[in-house]
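Protein chains in written order, with my numbering: chain A, 3 to 496; chain B, 6 to 327; chain C, 22 to 329.
What the hints contain is simulated information worked out from the structure, not anything from laboratory work. Treat the numbers as computed from the prediction; the structure is a model and nothing was measured. Please note that the accuracy of each hint is not assured.
Derived BS3-like pairs: lysine-lysine, alpha-carbon spacing no greater than 27 Å straight-line [said to hold, decoys possible]: (1) A:Lys-27 / A:Lys-6; (2) A:Lys-130 / A:Lys-440; (3) C:Lys-174 / B:Lys-266; (4) C:Lys-136 / B:Lys-266; (5) A:Lys-130 / A:Lys-227; (6) A:Lys-353 / A:Lys-457.
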Amino acid sequence: MIDKSLNWVDDRLGIAKGGRTFLDKIFPDHWSFMLGEIALYSFVILLGTGVFLTLYFVPSGHEIVYHGSYVPLRGQRVSEAYASTVGLSFDVRSGLLMRQAHHWAADIFLGAIAVHMARVFFTGAFRKPREFNWIVGTLMLILGIVNGFLGYSLPDDLVSGTGIRIAYSITESIPLVGTYLSFFLFGGNYPGSGIIIPRFYVLHVLIVPAIIVGLLAAHLGLLVKQKHTQFPGKGKTEHNVVGSPMFPTFIAKTTGFLFMASAVTFGLGGFAQINPIWQFGQYEPYQISYAVQPDWYMGWLDGALRIMPSWEWVGWGHTIPLEVFLPAVVFPGLVFNILIVWPFIESIYTKDTNYHNLLDRPRDRPKRTAAGASMLTLLFAVFFASSTDVMANFFQLPLLDVLWFFRFFVPLAPIVAYFLTYKICNEMRAAEGIGKRKRALVVSRSAEGEYSTVKSEPRPGDAHEELEAIPVPTYIDTTHPDLATAAGVRRVIR
Amino acid sequence: MSDHNIRLDGPLPPAALDDPHLQPATGHPERMEALAAVAIVIGMIGFVGFIWAYWVDASTQWQAATLTVGMLGLGIGTISWGKYLMPQGPFVEERHDFHSTDDERSAFNAAITGRGGLEVKRRGLLLGLFAVGGGIMTLALLIPGVRSLGPKPAKSEDPHGSTDVSLFTTNWRQGSKLVTVGGRQVMVDDLDVGGVLTVFPQGYEGSSPDQVILIRLAQQAPNEHYTLEPPGNTEWTAAGYVAYSKLCTHLGCPVGLYQEKTQQLVCPCHQSIFNVNAGAIPQFGPAPRPLPQLPLAVDATGQMRANGTFDQAVGPGFWERP
Amino acid sequence: MTARLAAPAALVGAVAVFGLVAFSSGPARADTSSTTTAPTTVSTVPGAQPGTVQQTPTAVTAVPSPSAAAKNAAPSNQGGIIYTDLPASFIAPGQALFAANCASCHGPLANGVVKNGVAIAPNLEGLGAGTVDFWVSTGRMPLENISAQAIRKPPRFNRIQTLEIAAWVQSLAPGQGTKVPLVKTAGADLESGNTLFTLNCAACHTISGAGDALAFGAYAPSLHLATPTQVIEAIRSGPGNMPRFSPGNITDTEARDITAYVTGVLQHPNNAGGAGLGGIGPVGEGFVGLLIGVGVLMLVCFWIGDRQ
Numbered sequence: 003m004i005d006k007s008l009n010w011v012d013d014r015l016g017i018a019k020g021g022r023t024f025l026d027k028i029f030p031d032h033w034s035f036m037l038g039e040i041a042l043y044s045f046v047i048l049l050g051t052g053v054f055l056t057l058y059f060v061p062s063g064h065e066i067v068y069h070g071s072y073v074p075l076r077g078q079r080v081s082e083a084y085a086s087t088v089g090l091s092f093d094v095r096s097g098l099l100m101r102q103a104h105h106w107a108a109d110i111f112l113g114a115i116a117v118h119m120a121r122v123f124f125t126g127a128f129r130k131p132r133e134f135n136w137i138v139g140t141l142m143l144i145l146g147i148v149n150g151f152l153g154y155s156l157p158d159d160l161v162s163g164t165g166i167r168i169a170y171s172i173t174e175s176i177p178l179v180g181t182y183l184s185f186f187l188f189g190g191n192y193p194g195s196g197i198i199i200p201r202f203y204v205l206h207v208l209i210v211p212a213i214i215v216g217l218l219a220a221h222l223g224l225l226v227k228q229k230h231t232q233f234p235g236k237g238k239t240e241h242n243v244v245g246s247p248m249f250p251t252f253i254a255k256t257t258g259f260l261f262m263a264s265a266v267t268f269g270l271g272g273f274a275q276i277n278p279i280w281q282f283g284q285y286e287p288y289q290i291s292y293a294v295q296p297d298w299y300m301g302w303l304d305g306a307l308r309i310m311p312s313w314e315w316v317g318w319g320h321t322i323p324l325e326v327f328l329p330a331v332v333f334p335g336l337v338f339n340i341l342i343v344w345p346f347i348e349s350i351y352t353k354d355t356n357y358h359n360l361l362d363r364p365r366d367r368p369k370r371t372a373a374g375a376s377m378l379t380l381l382f383a384v385f386f387a388s389s390t391d392v393m394a395n396f397f398q399l400p401l402l403d404v405l406w407f408f409r410f411f412v413p414l415a416p417i418v419a420y421f422l423t424y425k426i427c428n429e430m431r432a433a434e435g436i437g438k439r440k441r442a443l444v445v446s447r448s449a450e451g452e453y454s455t456v457k458s459e460p461r462p463g464d465a466h467e468e469l470e471a472i473p474v475p476t477y478i479d480t481t482h483p484d485l486a487t488a489a490g491v492r493r494v495i496r
Numbered sequence: 006m007s008d009h010n011i012r013l014d015g016p017l018p019p020a021a022l023d024d025p026h027l028q029p030a031t032g033h034p035e036r037m038e039a040l041a042a043v044a045i046v047i048g049m050i051g052f053v054g055f056i057w058a059y060w061v062d063a064s065t066q067w068q069a070a071t072l073t074v075g076m077l078g079l080g081i082g083t084i085s086w087g088k089y090l091m092p093q094g095p096f097v098e099e100r101h102d103f104h105s106t107d108d109e110r111s112a113f114n115a116a117i118t119g120r121g122g123l124e125v126k127r128r129g130l131l132l133g134l135f136a137v138g139g140g141i142m143t144l145a146l147l148i149p150g151v152r153s154l155g156p157k158p159a160k161s162e163d164p165h166g167s168t169d170v171s172l173f174t175t176n177w178r179q180g181s182k183l184v185t186v187g188g189r190q191v192m193v194d195d196l197d198v199g200g201v202l203t204v205f206p207q208g209y210e211g212s213s214p215d216q217v218i219l220i221r222l223a224q225q226a227p228n229e230h231y232t233l234e235p236p237g238n239t240e241w242t243a244a245g246y247v248a249y250s251k252l253c254t255h256l257g258c259p260v261g262l263y264q265e266k267t268q269q270l271v272c273p274c275h276q277s278i279f280n281v282n283a284g285a286i287p288q289f290g291p292a293p294r295p296l297p298q299l300p301l302a303v304d305a306t307g308q309m310r311a312n313g314t315f316d317q318a319v320g321p322g323f324w325e326r327p
Numbered sequence: 022m023t024a025r026l027a028a029p030a031a032l033v034g035a036v037a038v039f040g041l042v043a044f045s046s047g048p049a050r051a052d053t054s055s056t057t058t059a060p061t062t063v064s065t066v067p068g069a070q071p072g073t074v075q076q077t078p079t080a081v082t083a084v085p086s087p088s089a090a091a092k093n094a095a096p097s098n099q100g101g102i103i104y105t106d107l108p109a110s111f112i113a114p115g116q117a118l119f120a121a122n123c124a125s126c127h128g129p130l131a132n133g134v135v136k137n138g139v140a141i142a143p144n145l146e147g148l149g150a151g152t153v154d155f156w157v158s159t160g161r162m163p164l165e166n167i168s169a170q171a172i173r174k175p176p177r178f179n180r181i182q183t184l185e186i187a188a189w190v191q192s193l194a195p196g197q198g199t200k201v202p203l204v205k206t207a208g209a210d211l212e213s214g215n216t217l218f219t220l221n222c223a224a225c226h227t228i229s230g231a232g233d234a235l236a237f238g239a240y241a242p243s244l245h246l247a248t249p250t251q252v253i254e255a256i257r258s259g260p261g262n263m264p265r266f267s268p269g270n271i272t273d274t275e276a277r278d279i280t281a282y283v284t285g286v287l288q289h290p291n292n293a294g295g296a297g298l299g300g301i302g303p304v305g306e307g308f309v310g311l312l313i314g315v316g317v318l319m320l321v322c323f324w325i326g327d328r329q
């Protein structure tokens, strides 16, 4: 029956050959290759919960009187966007769960991208032929951050409204065109003509996700076309991939992983409150709360803004607000551009034009590892700088001391991190056979009286016996048990 | 390994049931199967529980708990099946170079540069016209796509321009009455020393560029001026009141945090600190300029009024700002 | 083999523990009717502390005080706040308490002490009983050690003693300063309180009332322990770095609305979505999202995949 259907489809589409290759596709088993899947499944959850939310959210800045079930707001004039978000939290069954799961999934999505990207970077998986996929991934990171900010802004609550205000001023800070950009984006001087919520909405639910879906398809398509990288060892070469087949082993694991990601997201969605906008109230441009931070993935920009000295440039009848333009426009622009061109920088620097399918150990590329650690340190430092007030309050330190600390820490820490990492990598490389049982040194004296030192053979038991990898067989012939030998099963000692 | 290179073209070599590559990863498959089954059954119970929780409109926590148990059960069950019970191999896949042969490459390049390029060279005029036409089309489509988005910012400092299209103006005029966001008129006795109030020009309550923070620094007669250190303007104070634009000169957040004892205004967004006694000059933080000061006056009825407007654009810096 | 089984078992266990904690600490449900009833059930005993002599404020006003009636008009009652005059009999014991506990800094006449041209303690004359009540009932006075800002701690005096000290300080400048307010938050307008709190208070105390660090070592304290009386006293007297909000700025009715919002909603927030994560917004959320969200899923990766 199934055979018949498959044949029917193959007659028309010719899927059998490519389909077989696809089902036989080998996925490396190492756990770090699943980090990207966290991002993938968070994105799936984002799409699912997001569709639910669109059914109830009203993207409008139009003012109405709130009459919902949250009492301290009853009778207040709020925007439809805000009222509908509070409404879908309290007056739509499962609405709060879906909204919070959506928000947590966004936080996890970007966190997983960051971790995945760090893995790819430090192991050199971005090298030829995978530069395209590195760029596609970086673009998805950027779009993910943008879409996170857009979605965070939609409820029109006090905290996110402050974020929109800051976004307006950042746009305004761009020399020459900033004023025009912000006027066009918002429909006039801040707060604009009330169309920013609908505009953010169409960007958030349609345009940006559509681009991300396209890039995601390209990301996975390139992955299938170019096949996975793998760590060296165990019969792994530049010309093969060793692991589990797509069907059924990998499918089972990855489907289970989708369930696990859902479990964590919905668990957080019901037990850890996120963005309780009913407590924040409607945004008004003259109101503000202290301790307002953006979501974590925007924190590094906020931190850079906080610690920047007040270096406004004024001259020739013009003003360039460098204290905004540098940390909020130039800095992220530099970071993302460095990320995008890194594979090319590295290949120019190393003059390496070979294919690379086997991964590096981070310690074996001390300069790259040090550069990555330096960049991460920089991003973490500015990220922590975005919570200066919360830190000062929590640790009972003077606020200005904390700010001054970060003004020095942010530029200095990456430099220290670079040299420290470089040193550690070299030390680790120098220590041969690290993490393995030491082999005894045998010192012998020749007849001429010359001493020489050789390493003894590995101890019995240290050598690892395992199966040699075979191509995925078309399962399983139960009628010919004697084929076991014919299929070339060999044990190899490594 | 070469034994298997034929697998995609010819008849496929089967493996026997007892091939070590096909054995489960666990030594006790029946136990693991039982465990996976139990996990999936727990998951099923979880999902049924979620339907119950939804049906009775139980709390978000119950919904999340049941859904999480369901997802966990299914997840653990499926992963255990895949990880411990399915054939573990190791299996291998050959990798092939991506690049085409030299012949294929040169044929491809020739199709572009030779076949297409020749035609393009032969009709250079058409190509030029096509490029220009395409450029004009892009421009024509972009103009409404961008220009309709919003008004053009007003270039110069028109004191009576609308704040909707100009970053230079506010709605403060000579004699504007100070009112609260609720529209209540502010009288000279309304604030005690150390009091603070957000005010707007009457008729523009809640307007973003017009927000002003009014602080009473001393108990003075209506015609007296409170002495401010430069760059503060002493003449612009009245009855011990001083008023500054509430828009931070850094990023336009409302500078609503008034530290009364230290006489500082702090921006809650990025902790710029302004000295209230010295014309709100920034003492620390990223804000580059003092908050613009609003001239104040008290009329004969004790009503607080603006005695003019700001002498500069309020809020954060921008290119056209002189 | 058992080690491999341990991983899923540990996961199930961790989730179960997490669930129990959240269940036991979380509120019942997004049923906001509980929020409506909360303000009405808030005790109106100002500063009552376990283990100290307690006396309800109504009892204080019930004490016949001929001298107070002679000095001042009847207690003013506007917008749900009663500003009480403390009985004259409180003055003498108050002076004794002051001399024993406060005079070393503020001076025996409470007019402040200046050493080497630096005021080490302010003049209290004319600040009123309400101001004194705020500082003493929140435990900020007497100071334990001199720091940039007095911190809230368990009060040293019981309710009566506190009011006695306040009465004595008030008697130094009768009719001046902030009186001790009595406030009934029942029937207050929570919506109005919400709006006013956001406009006037959230810039320092944060929108959740959690408080935050200010410039030069100062900080805006958390409002989660404030009693209705203390909220009104703080609004009216502006302790420390806090601005003063006079009735011309925030009327008594509005002050009562704010109080109801602080003690009713902020101190009993509707955390329908689960654990409140400290009410500090995206900082806490980011840590949970990265450590628990991404972290747990990385552990799952670690379980699923090979580790060599």
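Consistency of the hints with the structure:
1. At roughly 24 Å between alpha-carbon atoms, A:Lys-27 and A:Lys-6 fall within 27 Å of each other, so this suggested pair holds.
2. Between A:Lys-130 and A:Lys-440, the direct Cα distance comes to roughly 36 Å. Violation of the 27 Å bound is thereby established for this hinted pair.
3. For a cut-off of 27 Å, the pair hint linking C:Lys-174 to B:Lys-266 stands: about 22 Å separates their Cα positions.
4. Simply put, C:Lys-136 and B:Lys-266 have alpha-carbon atoms about 20 Å apart, close enough for the 27 Å limit, and the pair holds.
5. In summary, the hint linking A:Lys-130 to A:Lys-227 is supported, as the alpha carbons are separated by about 14 Å, within the 27 Å threshold.
6. At most 27 Å may separate the alpha-carbon atoms for a hinted pair to count; A:Lys-353 and A:Lys-457 exceed this at roughly 36 Å.
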